[in-house]
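Undergrad: Chains as they are written, first to last, in full-length UniProt numbering: chain W, 1 to 148; chain R, 1 to 533.
Hints were generated in silico from the structure; no laboratory data involved. Heads up, a few of these hints could be off.
[Said to hold, decoys possible] These stretches of chain W come out as covered by chain R in the derived footprint (C-beta under 8 Å, 3 or more residues):
1. 40–51
2. 81–90
3. 108–117
[Said to hold, decoys possible] Facing chain W, from chain R, some residues (calculated, C-beta under 8 Å):
4. 37
5. 38
6. 60
7. 63
8. 76
9. 77
10. 78
11. 80
12. 94
13. 99
14. 417
15. 419
No residue lacks a Cβ here, since even glycine has one placed at the ideal position from N, Cα and C.
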Amino acid sequence: DARTTSPGVIKVPRNFRLLEELEEGQKGDGDGTVSWGLENDDDMTLTQWTAMIIGPARTNYENRIYSLKVECGPRYPETAPVVRFVTKITMNGINNSNGTVDSRSIPVLAKWQNSYNIKIILQELRRLMMSKENMKLPQPPEGQSYST
Amino acid sequence: GGEGGAGGVQPPPSRDFQLSLEIDAGEGTIIKVTVKTPKDKEEIAIAEDSSVTQFKEEISRRFKAKQDQLVLIFAGKILKDGDSLSQHGIKDGLTVHLVIKTAQNTSTSSSTSTPAGSLHPLPFPAGGFGDLSTLAGLGMGSANFMELQQQMQRQLMSNPEMLSQLMENPLVQNMMSNPDLMRQMMVSNPQMQQLMERNPEISHMLNNPELMRQTMELARNPAMMQEMMRNQDRALSNLESIPGGYNALRRMYTDIQEPMFSAAREQFGNNPFSALGGGSESGVQPSRTENREPLPNPWGPPNASNPPESAGGGGGGPAGGTRMFNSPGMQSLLQQISENPQLMQNMLSAPYMRSMMQSLSQNPELASQVMMNNPLFAGNPQLQEQFRSQLPVFLQQMQNPEALSVMTNPRAMQALMQIQQGLQTLQTEAPGLIIPGSIPGIPSGGSAPTENPASSPSSAGTPPNVAQQQLMQQMLQMFAGGGNQTPEVRFQSQLDQLNAMGFINREANLQALIATGGDINAAIERLLGSQPS
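Whole structure, please, built from the sequences with the hints as guidance.
TA: In structure tokens form, the structure reads like this:
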């Protein structure tokens, strides 16, 4: 439903947004360091998304491909999606045992705006990998996943 | 459900996309898929009903990587070999991301060139210091050369004081404070040029005066250099701790350092400054500084031909100060130089050597400073005086290619040495004979310092007179000319010319010609009383 929270601003309906994001994810524009798409092609609700982040160079994440799951709830994009890592990772703000991303620790999630999208979340996570506090954290062996 | 409820629009499932395309395209159509890595992009034509495996085959060909190194990502999913492209919804015009898993991961890191780039402002780490000796093992140049360098290297390493003294020498500092000179020097070096071609960043570095100045500041100030090196080492060790880091380091070294070091080494002796931790830009520099010593001293190389004595004499030498030139390392350097004329040739032919000579000859003060620093003269002020007056002559001769070729001629050197020895003998046998005490005094400075005090008192007794000077000049002349003609004969034509010009004082003419090495113009100037330039 297209309520407007502030006068004069029309909110884009959820599905429009998600379809746009789907298309963008398929086009694969950008530098190729993040990727996202529907987990299931027949997901009519466009809720379950899967994403990839390629670990940045010169960090302990280098050369790794991190798989994530992004859940865009019914109130997306007003509400931030729920993000969690599938591939094991050691990083501030990521739960060690199940890979869930703590919304309060990731800036774009903590200060979510409805103009943000999945791509921005992924890029932010990747940027955080390059931060001093994260880049040298010892990582678990490659190829391990959290048991959901 | 409510999800699709906004505005009543049903989200078209991806099936619809497929449907529309299937209308347009038949089965087995070729689609063009863009495959993108962080660094590369290729458009690959593939049948739309292909499997991921088939797709990877094509990709491996195009990207020159093994299939099992390829990881394909589309819309946030990794494409497994058993899947088909259509299963993932890969259509014409879409982009698939490729990650090539290599051991060193060059293709997946988005900015691999920066590790190399970021090091440029700094001198190259001295971490390669130890590796220099392995480079030597690669057999560049003659074996003598390498040993020589290693020796010098060791020498300087073991005696940092010597090095710092070298640095403090205002001469060196003077040189270093002139960025243009340095740059010119480096650029004129063919190896450097080659290197610059291969590695444009180097030329960029050279072209950046700020950078040069910084580097030279560093080279000038050993303390600062050390500090810098320490910082760099720390940074480097940090780098090492990162998984890909060590490899990046190694790559850096092999791509950058090796060529620089090998180029510098061929230039004979960047090693001394490696002790300071300097890179090759400061490395080319000290090679000049090091090598200056044997050359300007014409008596130097013949000195070294007395190996046992020089070694013995050199042992007493290194007592502080600028005695480094008498140190065993230097002695062996001299020795090796005389043994290996090729070495000498190399040194002399190095362009910076020429420019150094030129600047030396143009700047008598500079040259005299150099001479005076030579410990051979240190104990003998009289000698210094004489030498100083001979300086212009001498310098000109250094420019004289004949002189240079004589120096490279071992037999000539030996002959010269014999002359000196003969003079020495003469002096002891017939002290009454007026012989320039300076001449035997000089070689004995290197070969047997004990003789020096013996001979200098004798020369101290006789004030340097014109005859001695003349004789010395003649010696120099002979040395330069390498011939047995008397100056008169040699300068016959010049004498005639001078005569025709109106200079009728034959003796004065002759002296002037001898002093200027046959240069008529300079002789005229001399005759007219002005300092030859």
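Undergrad: Compare the structure with each hint and give your call.
TA: Results for each hint:
Chain R is given as covering the region 40–51 of chain W, and this holds because 9 residues of the stretch bring a CB closer than 8 Å to a CB of that chain, at least three being needed. Proximity of the region 81–90 of chain W to chain R, defined as three or more residues with a beta carbon under 8 Å from a beta carbon of that chain, is not established by the 0 residues found. For the region 108–117 of chain W, the proposed coverage by chain R is not satisfied: 0 residues have a C-beta within less than 8 Å of a C-beta in that chain, short of the threshold of three. Because the beta carbon of residue 37 of chain R sits about 6 Å from the nearest beta carbon in chain W, less than 8 Å, this interface hint is met.
Residue-level restraint check for residue 38 of chain R holds (minimum Cβ-Cβ distance to chain W is 5 Å; threshold 8 Å). Proximity of residue 60 of chain R to chain W is violated relative to the hint, the smallest CB-CB distance being about 18 Å (cut-off 8 Å). With its C-beta approaching chain W no nearer than about 13 Å, residue 63 of chain R sits outside the 8 Å limit, and its interface hint is violated. A cut of 8 Å between beta carbons decides the hint on residue 76 of chain R: the least distance to chain W is about 4 Å, and the hint holds.
Satisfaction of the interface hint for residue 77 of chain R is found here, the shortest Cβ-Cβ separation to chain W being roughly 5 Å, below the 8 Å cut-off. For residue 78 of chain R, the interface hint holds, the least distance from its beta-carbon to any beta-carbon of chain W being 7 Å, beneath 8 Å. Interface hint status for residue 80 of chain R: violated, as the beta-carbon distance to the closest one in chain W is roughly 12 Å, over 8 Å. Given the 8 Å rule on beta carbons, the hint for residue 94 of chain R holds: about 5 Å separates it from the nearest Cβ of chain W.
For residue 99 of chain R, the suggested interface contact is upheld, since its CB lies about 6 Å from the closest CB of chain W, less than 8 Å. Hint status for residue 417 of chain R relative to chain W: violated, with the closest Cβ pair at about 60 Å, above 8 Å. With a cut of 8 Å, the hint placing residue 419 of chain R at the interface with chain W is violated, because the nearest CB-to-CB distance is about 66 Å.
Checked against the numbered hints above, the structure breaks hints 2, 3, 6, 7, 11, 14, 15 and satisfies the rest.
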